[in-house]
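Enquirer: The task is simple: from the sequences and hints, build the whole structure.
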Amino acid sequence: MSENPEEKLLNICKENRRAECDRYYQTVLLTLGLKDFLERNAKECRFISTEPRFSINNGEKEIKPDVVLQYGHKNGVLCEIKTSFPFNDVHLLDSLKQLENYSQESLGWDTTDRKIDNHDILLFCPMVDYDRISLKLKNWMETGKLEITKNLCICEWGMLLYPKWGKEIILIRKRSGEMACEELNLFLENNIRLDVSSLHTSYEECKFTRKEPPIEYTMTQLWTDVFPSIDSTDKEFETSIDDVLAIAYQFYIPWSNLEGEFSQIRRTWVKKVMQKYCEIGVAEKHLEIKGKYKILRGKKIKNIQEYMIEKLCKQTIKEKSKFQINEQEEDTKQKPLDFFD
Amino acid sequence: MSDSQPNTLPISLGMILNAITKSHLDKPRGVVRVLTAITDTPFKSLIDDFRRYGIEIECTEVASENGFNLWSCTAARRLDIYDMVLTGNFHVLTKNFSTFFITGEKLFFYKKMIKPILKIAYPHLLRVNLHTGEIFKLLDEFSTKTKTPLKYNDFWYKKLFGEAFTVKKHETRIDIEDYELFEDAFREARNRGGWLDRITVFNKNSHFTIARNGMLKFKKGTFSDYYQYFLNNIVDLVTTRWKLFEKKGRSEQPKREVKPILVKFENEVFDDAILKKQFIQGLSKYPNCSYSVIHGGNPHLYLTMLDRVDNSSFSVRTYGTNALLISPQIRTTKAALVRFSTYLLNNFQEGKMTDFQS
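Each protein sequence line maps, in turn, to chains A and B. Numbered according to this note's numbering, the first sequence spans residues 779 to 1119. Numbered according to this note's numbering, the second sequence spans residues 4 to 361.
Simulated from the structure, these hints should not be mistaken for laboratory data. Being a predicted model, the structure only gives us computed values, none of them experimental. Please note that a few of the clues may not be correct.
[To be verified] Derived lysine-lysine pairs resembling DSS-like cross-links, with alpha carbons at most 25 Å apart: (1) 1078/A <-> 122/B; (2) 1089/A <-> 355/B; (3) 792/A <-> 114/B; (4) 945/A <-> 148/B; (5) 1077/A <-> 122/B; (6) 279/B <-> 792/A; (7) 122/B <-> 1080/A; (8) 945/A <-> 279/B; (9) 1080/A <-> 288/B; (10) 945/A <-> 842/A; (11) 280/B <-> 945/A; (12) 1078/A <-> 1050/A; (13) 122/B <-> 1013/A; (14) 154/B <-> 207/B; (15) 220/B <-> 207/B; (16) 1013/A <-> 25/B; (17) 1078/A <-> 288/B; (18) 792/A <-> 280/B; (19) 786/A <-> 25/B; (20) 945/A <-> 355/B; (21) 1080/A <-> 280/B; (22) 1077/A <-> 207/B; (23) 118/B <-> 1078/A; (24) 1089/A <-> 280/B; (25) 945/A <-> 267/B; (26) 162/B <-> 25/B; (27) 109/B <-> 1080/A; (28) 1078/A <-> 280/B.
Expert: Laid out in structure tokens, this is it:
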């Protein structure tokens, strides 16, 4: 039986959102693995943190590299981890424009004046995408569509079963470009193999990077892990953004303590999550007290992440179709005028 | 006053229980069933819970000796689908944290009254579970100490995803010499690619069934012997094994660290993508639980679980091709980990659980 267009749209949306959550999870694993690898092996290059706010244009615009590395006196690397790339050129270019921002002088480094003399850019590209992306990057940089003024090094990465060890590893392999950091160059040229099984205990403590996760990912983590520690009954209960953050401050401790960060989870993310809970009917906003919510746990949700994804996809599709109807109505309203004109 | 030895019942209490169970065994096709559970809550305070779930229950303490208490209970429950009221009697023997439910009523009463009572009392009362190896050890000790070989009538064995099979070889045989030793049943289950789930064995003085779900059923023998050689030891084995699940939540750790549990299986159960999918399907049927598939099996599986009975959460991930890693989260109770481990044991495969860090 073929799906009706609405069902098809819903399934595509769900598939995309699931993939987004999975990609975020993989990014966290790769970040943890890199941190662990550098802490064990590097003498010069050090993993800085994932939290401190980085900005360009004298603090006007925030940039969010996945990983920040520093070496020598005042040198660094801004790393961007990609788990997938759009196939559409317009969207792909838009996604790579991020690297242009990373080319600018940035503020937020672990130095006294938060600045650094020079930095390079390291792009982590999924193995399956490397050939396509490197070609596009080359073309766009040559034609001036992309202006990346810093050294750009591209590594491909993937999670795979390593038959020799019978273990699951993340393999990082340098494919193009050079960095000023000799030590890091050498590591990448020799391929980095991260043992995934050794990362899982750290993942339980570090589930968020500095980048905002897909909202369903945070919704699932709060529902499964944080809410039971606020209220252990199966009844509905009241909580606040501050309550959630208080737990997050204790259990999702920041990757470092730079720039007054208290948790991996940011207040703005929790705010958005609470808002979404209300929109999909699993929470209610307190009418009188700002920032307070009633969590309606009576619903016996079997697959939490799937439930959140489905509800939000339906909401998005509904909003889009409403928007389209409004547009059509606007068009029909104008038609008589057009006709008489 | 009692002159009981360690692991045995006080003499007069033993006599009372032997008399009670004998009265059941003397009936035509009489059997006694015993279910063992572990609790931190006094039995008396659990009774109100049963009433809240619609079971009319009256329990009277009939004996008390050396820290043992024996209760006599009458229970009634309306079963709408059968349009009947189920009534019957059972005894409850308690000592410290162990609780034994003893009944000589029919199988229907055991299934529709005793088992639901234990379910209602969760998470205050945790029903024990045994590993195949532990059953073997208990039977071996019994056979050695009583100096009589144990032979088997039948056994059940389970295979991956809890698929159960029965082997009844001897029902037509009469000569006792033709029955095989209990060790052969374990070997046979293994040869068939499974593990023994329950077994019925006998010798001159006893005839009983012991199962991985902690049920002991006997047709012949005295309660005090079964207590000495099985029930008491089951409690010891299980409490030692369950220590692994104690204080595992991150909120109970001084440095908020994660204390994972490694479940190791004998076979390479996760080297096949289809088996991983089947494993997710199996977990989705785990009652009173919510889950999320964060990473769906390429190459590893990673799920988060929320036990809705007491709001405990933990994550489950495949570890290599023959193990699982269970990582307790901020709030994770012992009861939730026991319940989940029992589910794994019965519906997936038997595995050995150890502290991951050690």
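Enquirer: Against each hint, give a clear statement of whether it holds in the structure.
Expert: Status of the hints after comparison with the structure:
1. A C-alpha spacing of about 19 Å is found between residue 1078/A and residue 122/B, which places the hinted pair at or below 25 Å, so the restraint holds.
2. Between residue 1089/A and residue 355/B the CA atoms are separated by roughly 40 Å; this puts the pair beyond 25 Å, and the hint is violated.
3. Proximity of residue 792/A to residue 114/B is assessed by CA-CA distance (about 42 Å); at most 25 Å being required, the pair is judged violated.
4. Restraint check for residue 945/A and residue 148/B: the C-alpha separation of about 46 Å exceeds 25 Å, so the hint is violated.
5. Restraint check for residue 1077/A and residue 122/B: the C-alpha separation of about 22 Å stays at or below 25 Å, so the hint holds.
6. With a C-alpha separation of about 21 Å, the suggested pair residue 279/B and residue 792/A falls inside the 25 Å cut-off, and the hint holds.
7. Distance restraint check for residue 122/B and residue 1080/A: the Cα-Cα separation of roughly 20 Å lies within the 25 Å cut-off, and the hinted pair is therefore satisfied.
8. Annotation: proposed proximity of residue 945/A to residue 279/B holds, straight-line Cα distance about 16 Å (limit 25 Å).
9. Restraint check for residue 1080/A and residue 288/B: satisfied, since their Cα atoms lie roughly 9 Å apart, inside the 25 Å limit.
10. For the given pair, residue 945/A sits about 32 Å from residue 842/A by alpha-carbon distance, which is inconsistent with the 25 Å threshold.
11. With a CA separation close to 20 Å, the supplied pair residue 280/B and residue 945/A stays within the 25 Å bound.
12. For the suggested pair residue 1078/A and residue 1050/A, the alpha carbons sit about 23 Å apart, so the restraint of at most 25 Å is met.
13. For the proposed pair residue 122/B and residue 1013/A, the alpha carbon gap of about 20 Å is at most 25 Å, so the pair holds.
14. With a C-alpha separation of about 10 Å, the suggested pair residue 154/B and residue 207/B falls inside the 25 Å cut-off, and the hint holds.
15. As the CA atoms of residue 220/B and residue 207/B are separated by approximately 17 Å, the hinted pair is consistent with the 25 Å bound.
16. With a CA separation close to 47 Å, the supplied pair residue 1013/A and residue 25/B exceeds the 25 Å bound.
17. Pair hint residue 1078/A plus residue 288/B holds up; C-alpha atoms about 13 Å apart against a cutoff of 25 Å.
18. The hinted pair formed by residue 792/A and residue 280/B meets the criterion: a straight-line CA distance of about 19 Å does not exceed 25 Å.
19. Note on residue 786/A and residue 25/B: the hinted pairing is violated, with a Cα-Cα distance of about 67 Å set against a maximum of 25 Å.
20. A hinted pair counts as satisfied when its Cα atoms are at most 25 Å apart, and residue 945/A with residue 355/B qualifies at roughly 20 Å.
21. At most 25 Å may separate the alpha-carbon atoms for a hinted pair to count; residue 1080/A and residue 280/B meet this at roughly 17 Å.
22. Of the pairs offered as hints, the one joining residue 1077/A and residue 207/B is violated, with about 56 Å between alpha carbons and a cut-off of 25 Å exceeded.
23. With a CA separation close to 24 Å, the supplied pair residue 118/B and residue 1078/A stays within the 25 Å bound.
24. For the suggested pair residue 1089/A and residue 280/B, the alpha carbons sit about 24 Å apart, so the restraint of at most 25 Å is met.
25. With a C-alpha separation of about 15 Å, the suggested pairing of residue 945/A with residue 267/B holds against the 25 Å cut-off.
26. About 36 Å separates the Cα atoms of residue 162/B and residue 25/B, which puts this hinted pair outside 25 Å; it is violated.
27. Proposed proximity of residue 109/B and residue 1080/A is contradicted: the alpha carbons are some 36 Å apart, above 25 Å.
28. At roughly 23 Å between alpha-carbon atoms, residue 1078/A and residue 280/B fall within 25 Å of each other, so this suggested pair holds.
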